[in-house]
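One-letter residues, chain by chain:
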Amino acid sequence: MKRRWFIPAAVLAAMALALGACGGDDGGGTEEGDGEVTIFSLWTGSEEEAFKKVLTQFTEETGIRTKYEAARDFLPVIRTRLNAGNPPEVGILPRPGFVDELARDEALIPLEDLGLDVDAINENYGDTWIDLATFEDTAYGVVAKANSKSTVWYKPNSFQQNGFEVPQTWDQLEQIVQSYKSKGEVPWAVGAQGRDSSWTLTDWFEQIYIRTAGGDNYDKLFSGELPFNDATVKEALEIMLQQVNNENVLNGVDGALSLSFQDAITRVFGTNPQAEMHMLGGFTGGIAIGANPDLKPGETIDFFPFPTIKEEHGDPLVGSGDVAAAFVNNEDVAELLEFLSTPEAGRTWVSTGAIVSPNKGVPDDAYPNDLVRKEADQVKNAESFRFDGSDLLPGTLGQDFGTLLQNIIKNPNNVDSLLDDYQAEAEQAFS
Amino acid sequence: MQGLLFIAPAVLFLGLLLIYPLVYTIVLSFADTNAKLEIVDWVGFENYTNLFTNDKEFLDLDSFPPTGAFVNNLKWVVLYTSLSLALGLLIAVLAARVRYEAFLKAIVFIPMAISATAVAIIWKFVYDPDPDIGSLNALITLFGGEAQAWYGREDLVNYALIWAYIWASTGFAMVVLSAALKGISEEVIEAARTDGASEWDIFRRIQLPLLSLPIAVVTVWLLINVIKVFDIIYVLTGGGPGGASEVIAFSMYDETFTNGEAGYGATVAVVMLLLIIPIMAFNIRRFRSERVTQ
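Chain order of the listed sequences is A and B. So the first sequence is numbered by the working numbering: it starts at 820 and just counts up by one. So the second sequence is numbered by the working numbering: it starts at 24 and just counts up by one.
Hints in this document: simulated from the structure, not taken from any laboratory.
Residues from chain B that face chain A, not an exhaustive set, calculated with beta carbons under 7 Å:
| # | residue |
| --- | --- |
| 1 | A58 |
| 2 | K79 |
| 3 | N282 |
Derived PhoX-like pairs: lysine-lysine, alpha-carbon spacing no greater than 25 Å straight-line:
| # | chain 1 | residue 1 | chain 2 | residue 2 |
| --- | --- | --- | --- | --- |
| 4 | B | K79 | A | K1053 |
| 5 | A | K1229 | A | K1053 |
| 6 | A | K1229 | B | K79 |
From chain B, some residues computed to sit far from chain A (all C-beta separations above 10 Å):
| # | residue |
| --- | --- |
| 7 | D55 |
| 8 | W65 |
| 9 | F68 |
| 10 | E69 |
| 11 | A214 |
| 12 | L298 |
Don't be surprised by glycine CBs; every beta carbon is placed ideally from N, CA and C.
Okay, chain A solo, but in the shape it has when bound (with noise of 0.2 Å):
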C-alpha cells in the first residue's frame, strides 16, 4: 500500500509537462521578423534539394535563416497548424485551389499587406501565371515553379527502329499504338493507383478536353459553370477510353490501377522496360533519369508535345505551378516572397534541372539539360495555357475527379451515371 505514492505523483508529472508543453505561442502579426521564416510545401526529395539551393541563396544575401519543413499530407497539416494558431509563415501550395480557399477564410496575407509592390512583381509573369496566386483581384502569392502537362514521353531509338515519325495529330498517335500492338509491344504504361497516382488519369482527360472542346469549354467546366455529365465531356472520355483500356495498356486497367505514377514511369524507362511510351507531365524525364541515370536524353529518352485532335483546337499547354503564399505578416516573409519572384532566384532553380520557371526574366541557357529547356519553351511559347483542371477543384472535388475516372476506365459502360453522381458532388461544392 505504502508503494502508491509514486503512481499519482509521476501521473502528476506527466500532466505538468504535457500542459507546459501545449502552451500557445504568439503566431507572429508583428511586423518586425524574427531573423529566421519558417517555410511549409510537400516537396521532398530531389524537389526539396533543389528549392534548398534558393533558400541558401536568400539567406546569403539578406542574412535572413530559413527553416524548411515538408509533409505529403500537406493539406491536413496546414489545417491544423491554422486552427492552432501556428502556422507556417510561408507555404507552397500546389493547387490554386488552395489559395482561393484559404484566402476567403483569410487565411492568406494579401501581398499588399505585407507591403510589397505588386505590380513590379506581376511584371516577371504572363496574365495567366498572375491569375493563379490572385483570388478576388487580390494577389495573395508568387507563382513558383510550372510545369508543362503537354507532354508525351517516348524512346527515339524505338521510334527509330520501327520507323515512326514524332505524331502531331491524335489519328498518326492511333497509328503508332497499333504498330506497336501489332509487334507484340505494349504501348502505354499508365499508373493511376489509389489516392496519390489517379491525377494521372485526370491529366489524360484534360488534354484530350481542350483539345476538342476547346479553351472556352475547359474553363467553364473546370469552374463549375459547365456539368461534367455535359455532352463535351463524354466525348472526350469516349476519345480517352479509346487509349486507356485493357488493349492498350500494360497489365490493362486493373494493372493500371495498381501501380503508381512512378512506378509506371519505371515500367517504361527503367532497366527492365515493359511498355514504349508514357503520358505524363514534363517533370516525368527527372523522374526517370532518377532511377535509370544511363538513359540519354534525345536517344532513349524524349518527349513530344501531346498531339492535336480536333485542328480548331490547335495545341494548348495544359500545365501545372506552385503558389508561394504568406500565413504570417512580417518582414522577413516580405522579402522571401519578394525573393522569390525575381529572375536570379527562378535562375539558381532552374539550374537543378528541378523545375520550369514561369518567371519571364530566366533565359533558356540557364537550364541544365535539353529535355528541361524544351520544357521550358514549350510553357513560354504556348499559344494558350490553362492551369491542370483538377487542381482548380475546390475541397475534395479534384481528388475525387481523380477517382471519378479511375472508375470509368473500370466501368466504361457506366459512364453516364457515374457523370450524373459526380456532377450531383460538384454542384454542392461549388454552392
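Got chain A; can you put chain B on it based on the hints?
Here is chain B on its own, set in the frame of chain A:
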C-alpha cells in the same frame, strides 16, 4: 479526502484527454467549419441527414448490393472478426498438441509486434501485380495461374486488405485462447477421453464452453479494432481503387482534413461512437456478471 487526491490526477487526465474531446466532437457534429477548421455556423442535424442520404461514398443504397464506406466496414466486421477468432482458436487448439508449440505460437504472434503501417507496406509488396515483385502473384504464376491485381480490382481489394489485417491480428486471439485453454484442467479432459469422447466432442463440449469468456474478450477487442481500422487502408490503397476500400474512419479523416469539413467529419466520428457503445455495454455487463458468479 486522501481518496479524492489519489484519483484527482487521473480524473483530470481523463477529463482533458477523453471527456472534453468527446463532448467537443459531438458539439462539432452539429456545426459547419471553414478552411481553418473553425466553427462558423450551426446546422442542426443536417450533417447527419447528409451523411446517410446524400453521401454516396459513405453509403450508397441505390446500387445492389449497397456500397460505400459504411458497407465496407460491415464486411470487415463480419469477416475480420470471425476469421481472426476462428484461426486463433484453431491454432491455439492444434498447437497444444505438437512438440514445437512454443515456436509455432511465436511465429503466429510476431505480426502483432508490427505497426499497421508496416503491415500495409509488407502486404503492398506481397500483393504487387508484377509477378517479379509480388510474392503472391509469383506463387500463382509458378503454378500456372494468372497474376491478379489484388488491390487494383474493386471486387478483390477489400478481401485483400481484410486478410492482411487478419494475418496481423490472429496472434492476439491465439495467445489469449491458448492461455485460456491451458487453464482447463487436464483431469476433465482425461476423464472425457476414458468415457469414450472423440477429440471433436472434447473440443465442442468441454473446451469451447469453458472458453466462452475469453472468446467474448477477444471478440470485443477485434470488433473495436475493426470499427476504427484506418492506417492499413490509408497506406496500402489510400481508399482506392475509386474509393472501393474506404471505411468509416477513413471518411472521417478525409472529410475533416482534405475537405476541411471538420463538422461533417465529427458526424462520422459520432457514428463510430454509436457503433461502439453497444459493444462496450455488452462487455461491461459481461464482466459484471462474471464477477458476481465468482
